[in-house]
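Colleague: The chain contents come next:
Protein chains: 2
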Amino acid sequence: MAYSGQDGQSGLPQGFLWGAVKAGIKASGNPDVAVAVAPRGASAAAMYTKNRVVAAPVTVGRRHLAATGGRVSAVVVNAGNANCATGEAGIQGCVETCVAAAETFGCIFDEVFPSSTGIIGVPFPAGKVVAAMPAIAAVLGDGAEQAEAFATAILTTDTKKKVARATIDVDGVEVRIFGVCKGAGMIHPQLGPPVPPHATMLVYLFTDIAADAAQLREVMPRAVEDSFNSISIDGDTSTNDTVLLLASGVSGVRLDDRTAEAFESALKLVCGSLAHQIVDDGEGVGHVVTLAISGAATEADAKTVARSIAHSPLCKTAWSSADPNWGRLMAATGYSGVSFDPANVSIRIGGLPVFEGGMRSPAFDEAAAHEAMTAREYTIEIDLGEGEASCRFLTCDLTEEYVKINADYST
Amino acid sequence: MAYSGQDGQSGLPQGFLWGAVKAGIKASGNPDVAVAVAPRGASAAAMYTKNRVVAAPVTVGRRHLAATGGRVSAVVVNAGNANCATGEAGIQGCVETCVAAAETFGCIFDEVFPSSTGIIGVPFPAGKVVAAMPAIAAVLGDGAEQAEAFATAILTTDTKKKVARATIDVDGVEVRIFGVCKGAGMIHPQLGPPVPPHATMLVYLFTDIAADAAQLREVMPRAVEDSFNSISIDGDTSTNDTVLLLASGVSGVRLDDRTAEAFESALKLVCGSLAHQIVDDGEGVGHVVTLAISGAATEADAKTVARSIAHSPLCKTAWSSADPNWGRLMAATGYSGVSFDPANVSIRIGGLPVFEGGMRSPAFDEAAAHEAMTAREYTIEIDLGEGEASCRFLTCDLTEEYVKINADYST
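First to last, the protein sequences are chains A and B.
Per the working numbering, the first sequence starts with residue 1281, numbered consecutively.
Per the working numbering, the second sequence starts with residue 1281, numbered consecutively.
It is worth saying that the hints were derived from the structure and are not from the lab.
From a predicted model like this one, the values you see are computed outputs, not experimental measurements.
Some hints here could point you the wrong way.
[Stated by the list, open to error] Below, in silico cross-link-like pairs of lysine to any residue (SDA-like), each with a Cα-Cα straight-line distance of 25 angstroms or less: (1) B:Lys-1306 / A:Lys-1684; (2) A:Lys-1306 / B:Ala-1647; (3) B:Lys-1306 / B:Asp-1560; (4) A:Lys-1408 / B:Gln-1372; (5) B:Lys-1306 / A:Gly-1638; (6) A:Lys-1684 / B:Ala-1648; (7) A:Lys-1684 / B:Thr-1339; (8) B:Lys-1684 / A:Thr-1570; (9) B:Lys-1684 / A:Gly-1638; (10) B:Lys-1684 / A:Gly-1566; (11) B:Lys-1408 / A:Gly-1638; (12) B:Lys-1408 / A:Ile-1685; (13) B:Lys-1306 / A:Lys-1408; (14) A:Lys-1684 / B:Thr-1659; (15) B:Lys-1684 / A:Pro-1642; (16) B:Lys-1684 / A:Glu-1651; (17) B:Lys-1306 / B:Ala-1346; (18) B:Lys-1684 / A:Val-1559; (19) A:Lys-1408 / B:Ser-1641; (20) A:Lys-1684 / B:Val-1402; (21) A:Lys-1684 / B:Glu-1646; (22) A:Lys-1306 / B:Thr-1339; (23) B:Lys-1306 / B:Val-1402; (24) B:Lys-1302 / B:Thr-1348; (25) A:Lys-1684 / A:Gly-1407; (26) A:Lys-1684 / B:Asp-1506; (27) A:Lys-1306 / B:Pro-1642; (28) B:Lys-1684 / A:Gly-1564.
[What the hints assert, rightly or not] Short, incomplete list of chain A residues facing chain B, as computed with Cβ under 7 angstroms: (29) Arg-1332; (30) Gly-1367; (31) Ser-1592; (32) Val-1683.
Cβ atoms here follow ideal geometry from the backbone N, Cα and C, with glycine treated the same way.
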């Protein structure tokens, strides 16, 4: 068994139909309601934001998966309005869209999974979503064109669509995984368990492997922890973040001891690619920085240090000008709350030594370090010298462009 | 007994001399070494950054106060180099400056309290500080001019000097408190106990009340918690933050049951004024925002919510454009980790209702709220509806100017 992965629209998993239309929710007038339908239904598992303030669709979606025990026949996503902090009216509006979808796509109400992304606190235009259902039913299809329409309609401030795929071959039968997501602002997902999320991130993972919901609930957190829970753009955690994994079973291949390892590897490949695409397309991002923390006493410590640095405005602004200011890295590591001895810490930027033995490395070459940081992507390695645990965390710089975008974002 | 407070240089506490000179540490060529001398010595208490990475002077100063049991005769401050992450050489350089100061000002080595602020990780130019001692001895004085010179020399990216004073009258005898500080970037002090600090903040509080070190150690944390530990500019916690309180005793008035309350009130007045000046002069600050969190189960919860909002790039960028985006406030409150029911939360900006009952307030007037946020200073009130605890936290917006300043800050 081996798997191969590549971004793209081909080789879509069987058992799903996609479609999208313009419902007039996005000010831009672009397609803003997307639907994915599993005619024969699909096993489902989901992870949501850990934010205490959650959007209506998160509340309703959670309720539906609990009621069905993990069964989804239709996913209805709207972009342009987050349907969050919209009170009881927001819940009602979300329910209305689920009712309309159930009637349109011939499934029971509880098997509709809703998602919304966009501005918080603005009354939800349920009527527009409901009115769009017949038009979507008319354009549904299982081809690359329809899947791409779905991937495009869920975007908000994203500048490009984000998709990834991987396949595993089981005795000559191809099992496919297709992932679609949107990100941009407010990104620091913390999906629970294990952790909490931010700037609305919506992720839909479709596969045609045969698995029950319990199996999906078990495999999903491991793939999410090393991908979506290991990225941060601005440290803000959204009220809508959702990752949904659907398995149609149409491939006929079961998720079992023989296939589990390959499937999990392929799923991680897809999640990792999508997570990277989200950071790379973050608001105003000039540099994608991988924080490779090692020598930590525990993996939790390693992640705490990574998050402290990833959320430091001083570190992030220094990256925006390719400034090898390791002093800020040490300061952010120091206030992370993690215990360590500065004398045992070593830091490398783009592979170049900058700090060791409690002070600037004798080999520190500022010009070379600056040059390495002018690359679109590079890695900052920090060895805490405390233990064997490590983590890799993906983040980005903080630019004037980010401030401009978010200062202009209107209520 | 009553106290009155006003910023200004007059009415300085007795028993202290101040002075400053140019030692060639600041690239600008401005005065960069400041000294305060207590000819007859002073009782002392200090609070330092909780950052695990601390500057050499913090290590040395802590050692000295421990050795003397809280006695200081001379304070030596240099700006332009933080003497942090400079290894053993940094400690040695700091010790050399203390030795030179002790010889110059005729006190014992342990009674010299060192401070440094500026760039992290650059070898400390001890020789320049040592060479400056005779020149400073020649300009020492107890007048407004010398105190102002001290207040100016310790500044780095600050745009203006920061001083505050208060006096209390005890049976006709005036007891004076004079505070001096510097702030600017990397500000989110967390002074321990009770909490941890950032962007180097140095605070020197001089008083001529008669008190022993133990009394100062008791009164100081209460004044610091509601002032320097309740502000944040960028959420970064510096490696050098220090607050030093010195009591010369020259007024002849003792800190006792009769005077304690008035003295503590006056001290809080001075600390509160300095803390406000630090935020008001923060890098690229366009708006000073007071977060008034109420209805929390505990004061710790209230502060956690305030810090979550004060550190949210999305909230801070919205403030920069006077955008009443309460959705971001709710999101940041939601991911703070504090438990609450969104349905019971109410938010007012500049006194105007924006959110209540789990949704946008029926009385929400976006234009009016925007207008209120165009003021240089305003208050955001958030009632969590959970309990009786509250806090006031001072912070600011995140502007393109802040990014520009810190992206340009060179290693």
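Colleague: So which hints don't hold here, by number, going up?
Modeller: Going through the list in order, the structure violates hints 1, 4, 7, 9, 12, 13, 15, 17, 20, 22, 24, 25, 26 and respects the others.
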